[in-house]
Amino acid sequence: MNDEYLVYNEELNRYELDPEQKVRDDVEKNRWKLNWQLIVKDWRLYAMLVPMLLVFLIWRYFPMYELLGCFKITEVGKEVAQMKWCGFANFKSLMFGGTTQTTAFWRAFRNTFLLSFYGLLFGFPMPIILALFFNEIKSNILRSVYQVLTYLPKFMSTVVMTTLVSMLLKQGDLVSGTGIVSLALAKIGLISRQTADLGLLNNPDFFRAIYQISGIWEGAGYDSIVYFAAIIAISPTSYEAAQIDGADKMAQMRYVVIPSILSTIVIMLINRIGSLLSIGYEKVMLLYNTNTWVTADVVSTFSYRLGLEDGSQAMASAAEMINNVTGMILVIGANSIARKASDVSLY
Amino acid sequence: MKRKLEVSELIFKILSYTFLTIFSLCCLYPFVYAVSASISGRYAVDYNQVILFPKDIQFDAFSSIFNNNQFWNAYTNTLFLTVYGTIWAIGVSILGGYALSKKRLLFRTGFNFFLVFTMWFSAGIVPQYLNYLDTQKVFAAIGITDVKWLIVIAMGMAAMNIILLRNAFEGVSSEIEEAAIVDGATEFQVLTKVYIPMSQSTIATVALFFGISRWNGYFWARQMIAASGSPNEQPLQVFIRLLLEDYTNLDTLAGWRAPYSPNSAIYALIICAIIPILIIYPFIQKYFAKGVNMGGVKE
Numbered sequence: 012m013n014d015e016y017l018v019y020n021e022e023l024n025r026y027e028l029d030p031e032q033k034v035r036d037d038v039e040k041n042r043w044k045l046n047w048q049l050i051v052k053d054w055r056l057y058a059m060l061v062p063m064l065l066v067f068l069i070w071r072y073f074p075m076y077e078l079l080g081c082f083k084i085t086e087v088g089k090e091v092a093q094m095k096w097c098g099f100a101n102f103k104s105l106m107f108g109g110t111t112q113t114t115a116f117w118r119a120f121r122n123t124f125l126l127s128f129y130g131l132l133f134g135f136p137m138p139i140i141l142a143l144f145f146n147e148i149k150s151n152i153l154r155s156v157y158q159v160l161t162y163l164p165k166f167m168s169t170v171v172m173t174t175l176v177s178m179l180l181k182q183g184d185l186v187s188g189t190g191i192v193s194l195a196l197a198k199i200g201l202i203s204r205q206t207a208d209l210g211l212l213n214n215p216d217f218f219r220a221i222y223q224i225s226g227i228w229e230g231a232g233y234d235s236i237v238y239f240a241a242i243i244a245i246s247p248t249s250y251e252a253a254q255i256d257g258a259d260k261m262a263q264m265r266y267v268v269i270p271s272i273l274s275t276i277v278i279m280l281i282n283r284i285g286s287l288l289s290i291g292y293e294k295v296m297l298l299y300n301t302n303t304w305v306t307a308d309v310v311s312t313f314s315y316r317l318g319l320e321d322g323s324q325a326m327a328s329a330a331e332m333i334n335n336v337t338g339m340i341l342v343i344g345a346n347s348i349a350r351k352a353s354d355v356s357l358y
Numbered sequence: 008m009k010r011k012l013e014v015s016e017l018i019f020k021i022l023s024y025t026f027l028t029i030f031s032l033c034c035l036y037p038f039v040y041a042v043s044a045s046i047s048g049r050y051a052v053d054y055n056q057v058i059l060f061p062k063d064i065q066f067d068a069f070s071s072i073f074n075n076n077q078f079w080n081a082y083t084n085t086l087f088l089t090v091y092g093t094i095w096a097i098g099v100s101i102l103g104g105y106a107l108s109k110k111r112l113l114f115r116t117g118f119n120f121f122l123v124f125t126m127w128f129s130a131g132i133v134p135q136y137l138n139y140l141d142t143q144k145v146f147a148a149i150g151i152t153d154v155k156w157l158i159v160i161a162m163g164m165a166a167m168n169i170i171l172l173r174n175a176f177e178g179v180s181s182e183i184e185e186a187a188i189v190d191g192a193t194e195f196q197v198l199t200k201v202y203i204p205m206s207q208s209t210i211a212t213v214a215l216f217f218g219i220s221r222w223n224g225y226f227w228a229r230q231m232i233a234a235s236g237s238p239n240e241q242p243l244q245v246f247i248r249l250l251l252e253d254y255t256n257l258d259t260l261a262g263w264r265a266p267y268s269p270n271s272a273i274y275a276l277i278i279c280a281i282i283p284i285l286i287i288y289p290f291i292q293k294y295f296a297k298g299v300n301m302g303g304v305k306e
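Residue numbers (my numbering), protein chains in the order written: chain D, 12 to 358; chain Z, 8 to 306.
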């Protein structure tokens, strides 16, 4: 017999409840009351939380409830709550159904992954390289000029940026000529004149390149700020010590600069890996057209068309669900690896 | 001691100067071209005679935009969304971030998780769209029929920004707060008189993030305006995009004998959209640099 809370009463020859346990039970029972009193006393603090909680509840968490539509049969004119459950049927037909939707979904899934992956491969190192080069410019004025020029594209909104891109790469038509950048590319022989005249944005072979290059153009300068801040924080004595030891420029890079900014690089890398599947749909939607779906269609845009234009909300929600759950696993995974490997983590 | 440059150092220097020069010129060129094309004559633009400098200068593209009522309407809408949206978002975020920064808050980890989870998992476009439609109905039922209020209140809130504010508030020393409480300050006074002045630069940076995202907001604004059928509420970004999609109409709009090319009109519009940000850039520059450095937060 466990005698923690029972004591043996010798007079009555039986076990009885320990009186102290009664006090403990009372405390336990009244804990919520105590908490309630704390909240009432401190109501101003809790009142401050309310607007934030409401906004997030209504516009971030309620949609997650609507997402449950992916487990239900779509019925036009009904709320998600009233639809019938159908288990994983939508997922099954989306992933292994063998219909045109299935192929379109896998195509979109692959495109999402590839666009992010190429972004990681080409877009990620670019700001680091820029920061290393900025560090070489000893004249402050000249460096500021370079920096301001490279930050400049960041001030455009996605719409303005994509408008500019589509104007510079536009097809030649009756009204006006081919975009100036397409012409320049044709002139130096990278693409044929005919391809330029048909419009690079109409050609699926070029979509990924356009997406990545415009991304670098827009963000590389601005993203280099982080790395540059880390580089200028390196004490000059480190360089001097390396020079005395006979290190040339490459050796200084290898043994002084890179180790000093490594933690920054790691944080940014984790961040990037975590958002591998949450590709910005806005930019894709603004740049793609029916001709380039083969390489440009990502899961978000696919489910947007499926759900809002073809009216198949359950399928669309299922596609989003697969994408978002995989994305969430990536974020949490990347973050916990980072926490184990070093003391840096994002959240 | 003046050292002679080593060969490797010299090569690296030359490399960095050349690379940076080329890269920054590439960054600059589209803007220069846009300016030149927007003020060049019709023939010069349509037949690609404008490479760098304007040719047959005209300002009719700009003046036609300035005379367009829809453009000014869109500009006003964007200003409305930016100003009210930023005020609302920063207000809610300051209050929430302040409460979350307090160790004595019960269920603090729960509230934090509530926030951070939205960064990990989002419902996606379709459920979000249905949700906005529903809430708009609710808004209309209580008498707010304008979509812009829904855009201001519902969109653009970001968990990341609240976490940045929370971290800044946690950094404020508690002694000052205690002194203020001893002097009889209420909770709200502690926030406005102690915490807000002491984390001004973070608040400015976060406000900048909100402001930029509001100014740039496009997708949901377009969806909601299309759903509610009120085209005169469209912000600038939507206006620009619709014009680009309606490219052929732009030409007939300008008239076949217009002295400028439809391209010029679009470039002029692009410039009009960038200029306000370029004007305020010198004032917000330091917050910009600070903001990107705060991106790598840790807890």
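No lab work stands behind these hints: they were computed from the structure. Keep in mind that the hints are not guaranteed to be accurate.
Calculated pairs, DMTMM-like style, for lysine to aspartate or glutamate (alpha carbon to alpha carbon, straight line, at most 20 angstroms) [to be verified]:
(1) K52/D - E185/Z
(2) K20/Z - E147/D
(3) K52/D - E194/Z
(4) K109/Z - D53/D
(5) K149/D - E16/Z
(6) K110/Z - E185/Z
(7) K260/D - E16/Z
(8) K149/D - E251/D
(9) K294/D - E194/Z
(10) K20/Z - E90/D
(11) K144/Z - E90/D
(12) K52/D - D190/Z
(13) K200/Z - D259/D
Quiz item: Failing hints, ascending?
Solution: 9, 10 and 13
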